[in-house]
Structures are given as C-alpha cells and as structure tokens.
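Top line first, the protein sequences correspond to chains B, G and C.
Numbering that gives the first Met the number 0 puts the last residue of the first sequence at 266; the count rises by one with no breaks.
Numbering that gives the first Met the number 0 puts the last residue of the second sequence at 266; the count rises by one with no breaks.
Numbering that gives the first Met the number 0 puts the last residue of the third sequence at 266; the count rises by one with no breaks.
Just so you know, not all the hints are guaranteed correct.
Said to hold, decoys possible - The following label-pair restraints were derived from C-beta to C-beta distances:
1) GLU206(G) with THR253(B): 49 to 55 Å
2) ASP222(C) with GLY106(B): 33 to 39 Å
3) GLY214(B) with GLU153(G): 24 to 30 Å
4) ASP149(C) with ARG109(B): 48 to 54 Å
5) GLU206(B) with GLU153(G): 38 to 44 Å
6) GLN58(B) with LEU108(G): 34 to 40 Å
7) GLU153(G) with LEU1(B): 33 to 39 Å
Claimed, not checked - A few chain C residues facing chain B, derived, Cβ under 10 Å:
8) PRO4
9) PHE7
10) HIS39
11) ARG42
12) ARG55
13) PHE118
14) LEU120
15) ALA235
Calculated directly from the structure, the hints in this document are not laboratory data.
Ideal Cβ placement from N, Cα and C applies to all residues, glycine included.
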Amino acid sequence: MLSRPIAFVSDFGHADEFVGVVHGVILRVDPHARIVDVNHGVRRGDVMAGALSLLRAIQYLPGGVALAVVDPGVGTSRAAIAVETEWGHFVGPDNGLLAPATAMVGGALRVVSLEAEEFRLPAAGSTFDGRDVFAPAAAVLASGEADLTDLGPEIAPETLVPLLLPLVEHGEDRVQGQVWWIDGFGNAQTNVSPDDLALIGIGSGDELQLIMGQGSHVIRWGDAYQAPGPMIHVDAHGLMAIVVPGGSAAEDLTLHEGLSVGLRSLT
Amino acid sequence: MLSRPIAFVSDFGHADEFVGVVHGVILRVDPHARIVDVNHGVRRGDVMAGALSLLRAIQYLPGGVALAVVDPGVGTSRAAIAVETEWGHFVGPDNGLLAPATAMVGGALRVVSLEAEEFRLPAAGSTFDGRDVFAPAAAVLASGEADLTDLGPEIAPETLVPLLLPLVEHGEDRVQGQVWWIDGFGNAQTNVSPDDLALIGIGSGDELQLIMGQGSHVIRWGDAYQAPGPMIHVDAHGLMAIVVPGGSAAEDLTLHEGLSVGLRSLT
Amino acid sequence: MLSRPIAFVSDFGHADEFVGVVHGVILRVDPHARIVDVNHGVRRGDVMAGALSLLRAIQYLPGGVALAVVDPGVGTSRAAIAVETEWGHFVGPDNGLLAPATAMVGGALRVVSLEAEEFRLPAAGSTFDGRDVFAPAAAVLASGEADLTDLGPEIAPETLVPLLLPLVEHGEDRVQGQVWWIDGFGNAQTNVSPDDLALIGIGSGDELQLIMGQGSHVIRWGDAYQAPGPMIHVDAHGLMAIVVPGGSAAEDLTLHEGLSVGLRSLT
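Chain B on its own, in the form it takes in the complex:
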C-alpha cells in the first residue's frame, strides 16, 4: 500500500544536511515514504512566516502528513505535537506554527503530545527534534505503522498555542492592513482581500492611495503584470498584493514583512 505523502516545511535552509537527515530518518522508518519539500527557506525562527507558508500551500498538497519545523523553542518545555484533521496529520512544535493551516482544513479533531519513547530517536542533545522526534512521528503516521494515540497522551485541542494573525481594520474611506509576505520576486502580499476594498468602494481599475508611515503612493488596481510601474492586484491566493511588473515592489517601495499599510479610496 502506498504510504501517504509527507509535506515538509522548515527553516533549515539548504546550507547544511538538516533537511537530508530528516529525509534519511523517515526513509529508515518507511522505505516507501514519499516526501514533498514544500519550503525550507523560512527565515530562521520566524514562526509566523512558516505558518503563513504552510497556510498558503496546504490546499495544494495531497492529503497525508504535514511535517513543519520552525522551532525557536526547541529544548525548552514547549510541547511536540501531532494533530489529526480532516486533511490528514500535522506534526510539529506547539508554538502556533500549525494553527492557521489546521484551522484552514477544518480544525483539530484530536491532538497528542509526542512523548512515546519508542517513536523518538535517542539523542545526545535535545536540539534537533526535527530529526529525533518529529521525523519518526511523521513517518509512522504516513505509513500507518502507528495510530495517533500510540505516539503519546491526548491533549485538548483548545489548549494549543494559537497564532494571532493581524486583522484588517476598516475606516470610512480606508482599510488598514499589513504586508504578510515578501516573495522571492519582491511581490508584497497583504492581508487585505478584494472584499475589504469593495467595502470602501474600490474595485479593479481604480486608483487608490497606498499609505506607509509618513509616505504614500498613488497606485492602480490592475490585472496581473500587464502594466509597468507599481500596482496592486489580486494575487494567486486571492489577496491584494503590491507588485512592480518586471521589478521588485519590496525594493522599489521599501516594503517588508510586518509593515502596516493603509489603502484609501481616491474617488
């Protein structure tokens, strides 16, 4: 029987053997394992960035196991968990990393704390739980070798650490949002949806004012990348993104993740 695929997100980068060792551990448990490397370029220790990356990806991943490790608290008392959902299982630290994606697929049905010694690797130190705790758990869940509750005691889903995603604020002629993600092309995805803008009367083709701190720009809501110069459009995830076709919005407009941005109607 085909093992369920394991989708793997981390901040391990590609300069060391961290990712490869996790693959190795999984394949030692299950020679038939199939692993999808979703993203290992999450900024080191940036739980929010990792959570958003997994959230953007989850609906495009085959149901199975999501293994996510952005874990600045490794070695502390934060729990290591596996979460059962309608989509499949999520394995990672209990620091909010898994919260948005599990919510997106309907929420946690059951949760366990990964404490069963038989499914952990013995290790000299306690700093590489990706290898010693999360990889073996993901492998046995994917292969069906273990049931969720074999991995440790159940804990109540409502006790998990949440991740607070910033909300969009609505004013009379303005919405206030945040840059969520600067992608590798320099595009700046915000947490503002087209519906947020519709509430203040802004639609495709309109000009609007983009306000950041003291400065502002007048930009147009365009389609895809058809015009040169800065513009705002609906991106591939259905959110408003600030882009410069053929260039980098992040560089040209000095945007960064977490930046507060206002969008104001000019009509």
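Based on the hints, put chains G and C in the right spot on chain B.
Okay, now just chains G and C, sitting in the frame of chain B:
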C-alpha cells in the same frame, strides 16, 4: 504502470513554497508521479538562462515530461503550451524558453495551447500559471491520463516564439563569441566550440588571446583543471570555457553572462 | 525489488542544474532509483566540510549507496572510487571525502577504481565526473545491476587518501580544540566532547573560559537553548557547541570553521 518522470526547471528559487506547491499539485493529480528538480536557481525572469539550462540538461534526463517555468509574461496574452517531441513532452510558456531544448531533441511534432479548463486549477489571480496551468498539464501528460490534444487546440509549431541564440562570428585569425553561462564555481562557458577554434588553427596546448572590450589576456588551452591560473578548455558540454582552477574565472577576469569575447590565434 | 536509496552530498549548490543532471543520469540507469539529497550546500571545493557533513549524517541515512562529490581535483589523476562497507557502498573521489564516514561504519571492506568504460558516460571534457563517472556507478550499485568488481580493478583500502581530522589536545586545566562546523543558525560545533571536559573537571552547569587567540569569554555549560546569551552545550551530535539562543554565535563571537578554541576550567 510507472508514470513518466517530470523534469522541472524554474526561476522560483528556494526561499518560498513555489516549487513545493507545484510538486503538491502534481501529486494530487498523480500519486505515483516522480519529479526531478533540474534547476530552480535560474535568475528571475531570465528566459535565455532558463532555456540554456534546460538545453544543457536535456540529453541527461530520462524521457518523459519537461516542465519549465521562467515566465515574466505570466498574466499577459502569451500562450501556455505543451509540445510533443521524440524525447517526450515539454510544458511551459510560449516565450522561447522551450525552443533550444526541443530543437535539440529533433523539434516539435505537435503543439497545443493549454486552454482546456478541466485541466487548469481555478484561481483567484492569474499570476501563478506554474501551479494552475502548467503543473496539472505536466501531471496528466506524465501519467497518461490525458492525450496532448485533450489539453487544448493545436497550434502550428512554426508559429511558436523562437529564442535567438547568438552565433559565433569567424574572422581570419579570430572568432567572436559570447559568455553563455557563469556557473556556481565561476567558470565561464562560451558559445565557441573546439571546431570554431580549429578553423583558425588553434588547438589543445596552444596559447591564444582572450579579448574583452578594451582588455585582453593571453591564456592557454589546457586539459581539465590541472594548471593554476586562467585557462581555456573544453568543458563538460563540449564548449570552450574560461576557467581558473581552484578559483573563479568570473571574478578574476570580470566575466558575466552575455559578455562578448574574442579569441585570437597568437601563432 | 526496491532499489537501495542513494544519499547524495555535493558542493554543487542550487544555482545550476548540476544536481538535477546527476538525478537524471541515475534515473536513466534505474527508473526506480530513490535519491536523498543530503546536502548540496558544502562550500565549493571544501573536502573537509563535505567529509564532516557526510560523517554527521551517515548514521541517520538508510543503508544503500552514498554518493559524495566535493572534488577540486576533478580532471587530475586522483582516482574515482567505490568503497564497500557494512553500511553499503560509498562512491566519490579518492581525496579523503569518504574517509571519516566509511571509518564510522566500520571501515572499507573492498575498494575499486571506477575505470570500467561501460559504466561511464562518454563526455567531451573531463570536468563533470559527478555526471559521467560517479552517478552511473552509484546507480548500478543501488539497483544491483552491477557488482562492485564490475566497475574496475580492486585497489587496497590502505592506499586510499586519508583525511586528517584535528585532535583535541589536553592540558592540566584546559583542552584545546577546533570549530568544526558553523551551521546555518550560526551555531559553532567543536571537536570537543563532554568526556574531554570531564577530564578537567568541567560538567553541565559549570562556568568555563572560552579562549580564542588574544580574547576570551566566560560562558556557562547549559541545557539546550533555554538561556539567552552565549553558552556551550552538548549538541545533537554529542559534541560541545557554542551557541547563542535566538542569535548567531558565529556572528556574536566572531567564530569560523577551523578556528582554534581553548576551553578552561574556572573552578
């Protein structure tokens, strides 16, 4: 039955989940898919660099499907295509990216425009065709779930956008070529072949003059990396490359992709 | 029958198609091949760094074939080898790269020089042995299509190029070691073990003096990443590592690979 392998080239980089999401979409269509990540480090939007990378790789890849996405015109009216060849299928934008590799394997037999809605993912925006258009097409071609002409209307191969590769110019005692590729080791591959140099009487072991703009260097045609200092040799693709054993020719000689270089006989 | 997995380490990086072409060559030989990309971020030409990366990884990799290519001497007379061990086969250049990992798994049982033309790809140049020599050898060993001695003449294991790993020196109240590895998080792994420190009376919880060149720091031996500020602890490989929780020890303390470090008891 084993699905044919999908060889995947892009400029998506490794800082985001773009590559992983494309893998996910393919595996949702075909759980048995096998994907070879050929190169995702193509400079953003550099169609020529992507085309040359695919061209260098193609003869070493197992026949199947080549999925290539370097697509600065995404969201514009450029066509999305699938090309049938003796080697297998090529899937990507119609912007010249596929042209050199398809020519290398004997040329296009049939081409379709990827317009069939049933093989595209519904999407909020039109900026991630790698995920929404090319990945599903590659997956169904690899698995055999669809025939080429199920994916959209046929178009004439001769109407495809070509890629103009620079030609080598021959003078009496000199050939004029171009740096095609600076690899990660700093080696500079040119478009000049050993046969081009034979025409002006230069062969292995000879000294020759390397001319760039106002400057020039005298270098020797050597074997592999056996001598220190700048040299020229036949590289792993059969083309003349400027190299500095143990160092970086690109840094030491200030070479870059696209640079015009003259090679002149000194005898 | 399932082919044995191929674990692949190199300094090829992710900016070019080198890694992908090696995958392609392997899959052309064996469509069922499974490849684990252990690490392709080894510093270009740094044989020691590649050897240590493979050494750290080997016990976590499924038995099979280890393909390792950090090969500054490609094109020279250094031998290309395959080594048989209890763990499986190691394939790579005879420059010390394979030595620590093969020793770790019990040493070489038999070695051959990869000279059999039928298992090499014909190539214009001799600068990409990863593609032309090592990949085909790894593929046929993994699939079982060839036996070790089909690949070339046997050579005596004791004639292989060794890798000299620096030893820890013990003084009365001080051990002198070396930084072996700066990982992507900025943690500095040394070659000093907890047992080395026990010999001079240092144990967990103690303060000690870290001496580098003219400077020194007083740091505590802590557990994992629980305290802020520089500390030393037993890392995930059982070696003493200098770390800054939430920060980069390499940046904060100006550490680099190869740096000599003294550790002195303060009690």
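Here's how the hints hold up against the structure:
1. GLU206(G) with THR253(B): 49 to 55 Å: holds, 51 Å
2. ASP222(C) with GLY106(B): 33 to 39 Å: About 35 Å separates the Cβ atoms of ASP222(C) and GLY106(B), which means 33 to 39 Å holds.
3. GLY214(B) with GLU153(G): 24 to 30 Å: About 51 Å separates the Cβ atoms of GLY214(B) and GLU153(G), which means 24 to 30 Å is violated.
4. ASP149(C) with ARG109(B): 48 to 54 Å: holds, 53 Å
5. GLU206(B) with GLU153(G): 38 to 44 Å: holds, 42 Å
6. GLN58(B) with LEU108(G): 34 to 40 Å: holds, 36 Å
7. GLU153(G) with LEU1(B): 33 to 39 Å: holds, 35 Å
8. PRO4: holds, 6 Å
9. PHE7: holds, 8 Å
10. HIS39: Hint on HIS39(C): holds, closest Cβ of chain B at ~7 Å, below 10 Å.
11. ARG42: holds, 9 Å
12. ARG55: Hint on ARG55(C): holds, closest Cβ of chain B at ~6 Å, below 10 Å.
13. PHE118: violated, 25 Å
14. LEU120: violated, 25 Å
15. ALA235: holds, 4 Å
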